[in-house]
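Sequences are here, hints too, so could you generate the full structure?
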Amino acid sequence: MAYIDRRPGIRPRPTLGRHLDIAARAGFPACITILLMLLTQAPLGLAGQAALLPAVAFISVWFWSLFRPESFPPPFVFMIGVLLDLLGYLPPGAGVFTLLAVQSVALALRRDLASGGFARVWLVFGMVACAASVVIWLLAMLLDVRLLPPQAAMLMAVLSVAIYPVLAVPFASAHRSVANPEDA
Amino acid sequence: MIRLSIQARQALARLTLPVLIVASFAVMLLGKADVLLAERARTALADGLAPIYAVLAPPLGRFHDTVTEVVSLWDMREENARLRDENEKLRRWQTIALALDAENQRLKASLRWIPDPEASFVTARVVADAGGVYAKAVLLSVGPNHGIRKGEIAVDERGLVGRVTEVGARTARVLLITDLNSRIPVTLETSRAHAILIGTNGARPRLLYWPEGVVPQEGERIVTSAEANAFPANLPIGSVHYTGAGAPEVEPAAMLQKLEVVRVFDYGLTGVTAPEPAARPTPGRH
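Protein chains in written order, with my numbering: chain A, 39 to 222; chain B, 4 to 289.
If you're looking for bench data, these hints aren't it; they were derived computationally from the structure.
Given the structure is predicted, the values throughout are model-derived calculations rather than measurements.
Glycine residues also receive a C-beta, built at the ideal position from the N, C-alpha and C atoms.
The reader is advised that the hints may include incorrect statements.
What the hints assert, rightly or not - Using C-beta positions, here's what the derived DEER-type ranges look like: (1) B:Pro214 / A:Pro113: 38 to 44 Å; (2) A:Ala212 / B:Arg17: 55 to 61 Å; (3) B:Arg161 / A:Leu145: 49 to 55 Å; (4) B:Leu40 / A:Leu77: 23 to 29 Å; (5) B:Ala84 / A:Ala212: 32 to 38 Å.
What the hints assert, rightly or not - Among the chain B residues that face chain A by a calculated CB cut under 10 Å, a handful are: (6) Ala16; (7) Leu20; (8) Lys35; (9) Asp132; (10) Asn184.
Unchecked claim - No farther apart than 25 Å at their CA atoms in a straight line, the calculated lysine to any residue pairs in the SDA-like style are these: (11) B:Lys92 / B:Glu223; (12) B:Lys35 / A:Ala68; (13) B:Lys261 / B:Phe66; (14) B:Lys35 / A:Val172; (15) B:Lys35 / A:Phe114; (16) B:Lys35 / A:Ala139; (17) B:Lys35 / B:Leu20; (18) B:Lys35 / A:Met179; (19) B:Lys92 / B:Leu103; (20) B:Lys153 / B:Thr203; (21) B:Lys261 / A:Leu82.
Spelled out as structure tokens, the structure:
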């Protein structure tokens, strides 16, 4: 998470305020992810609300691992995986493993996707979200030793793909403005 | 901080992800080895978050109410006519019910019927969905010293909601009758035959294991059965509805999709409650 400024040139004096500013910008992805995850559990009264939590987790991990991996290190992904398991009543470890897998795919494809357009990133995310939903479904069945209907996994995948732009567009603009440590 | 060469630091950074993936398998094993650990962590987290959700619930509820009100303003005339009809029908039923109640009292008196013990109850607000994707449950916000125990029965104003499965310091989790793990002994009201109501995670649980020679009728009312000492007898659950494939399901009477307030009854039943670990008594009951 530590942001190391390697650009040449003259800098403003590293005062406490400036340190705080940089820390806040570097910590933005982590904080917004946790906040959004807690918000999906609020009594909103939406149908299929339970599937929002894994969807938000997939999108956050995917987006920030692609565009700001230094603010989204694997230990933090592990932590929000634990949060996903606890809040989402999944068997412990299922969410942790799935989110780490999503992150490793994002880091592996980083070079190819970072230059590509929004639609391409969305398309690849669609495939990753489907695979992640299936992995969570299989792990939940394996760890609880029972058969589960596949509808919930399908809803999770469809919802993830559908709300991706709703989260990714504000994330992208935040990534360029309020969350950008280089603007500090 | 320890100073490492750039190569060593890069190697460490590359190792973090595989090491954490191995750690996630360790978490899975830990979750299997100590089931109570995850349950306790969840309850602690829910206890911490419940006040926030309890604060959010009224404004969100008001917003929903406003939306429904605006929608209902459109078809008020029709609604009025329908309600007047329904009122008339209900008034007829009320006279029948009062006559039956009086007769029931008379018969009980002549039989020296031992009345059922009065059950105590607390009313609690539903603050969050506590089921996740693969379960159907709700989280109740209850004050400290609430006295709710595992196995108590949650009911809304129309019918059975579910049973309390986890209790925290200021929250309780209620497993709904639609959950995949829910098994409830029931009685078909007209034939008095016993059956089991099995949750499927869908909107309507299935009815199974009724005795030979009895067929659940479409629209027949389903009530709880006192078998297995888990529920009191005759709590309303819902009515039978046949699917297209000819399997009987039960349309729950309770409004499970939009629960706001439920009453949690203590009937003093301990039939199917999971045994508590001796070292850690259920919080809240003294």
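Do the hints match the structure? See the list:
no.: 1; hint: B:Pro214 / A:Pro113: 38 to 44 Å; verdict: violated, 58 Å
no.: 2; hint: A:Ala212 / B:Arg17: 55 to 61 Å; verdict: violated, 28 Å
no.: 3; hint: B:Arg161 / A:Leu145: 49 to 55 Å; verdict: holds, 52 Å
no.: 4; hint: B:Leu40 / A:Leu77: 23 to 29 Å; verdict: holds, 26 Å
no.: 5; hint: B:Ala84 / A:Ala212: 32 to 38 Å; verdict: violated, 53 Å
no.: 6; hint: Ala16; verdict: holds, 9 Å
no.: 7; hint: Leu20; verdict: holds, 5 Å
no.: 8; hint: Lys35; verdict: holds, 7 Å
no.: 9; hint: Asp132; verdict: holds, 6 Å
no.: 10; hint: Asn184; verdict: holds, 9 Å
no.: 11; hint: B:Lys92 / B:Glu223; verdict: holds, 19 Å
no.: 12; hint: B:Lys35 / A:Ala68; verdict: violated, 29 Å
no.: 13; hint: B:Lys261 / B:Phe66; verdict: holds, 14 Å
no.: 14; hint: B:Lys35 / A:Val172; verdict: holds, 21 Å
no.: 15; hint: B:Lys35 / A:Phe114; verdict: holds, 23 Å
no.: 16; hint: B:Lys35 / A:Ala139; verdict: holds, 21 Å
no.: 17; hint: B:Lys35 / B:Leu20; verdict: holds, 23 Å
no.: 18; hint: B:Lys35 / A:Met179; verdict: holds, 13 Å
no.: 19; hint: B:Lys92 / B:Leu103; verdict: holds, 17 Å
no.: 20; hint: B:Lys153 / B:Thr203; verdict: holds, 22 Å
no.: 21; hint: B:Lys261 / A:Leu82; verdict: holds, 10 Å
Comparing the model with each earlier hint shows violations of hints 1, 2, 5 and 12; every other hint is respected.
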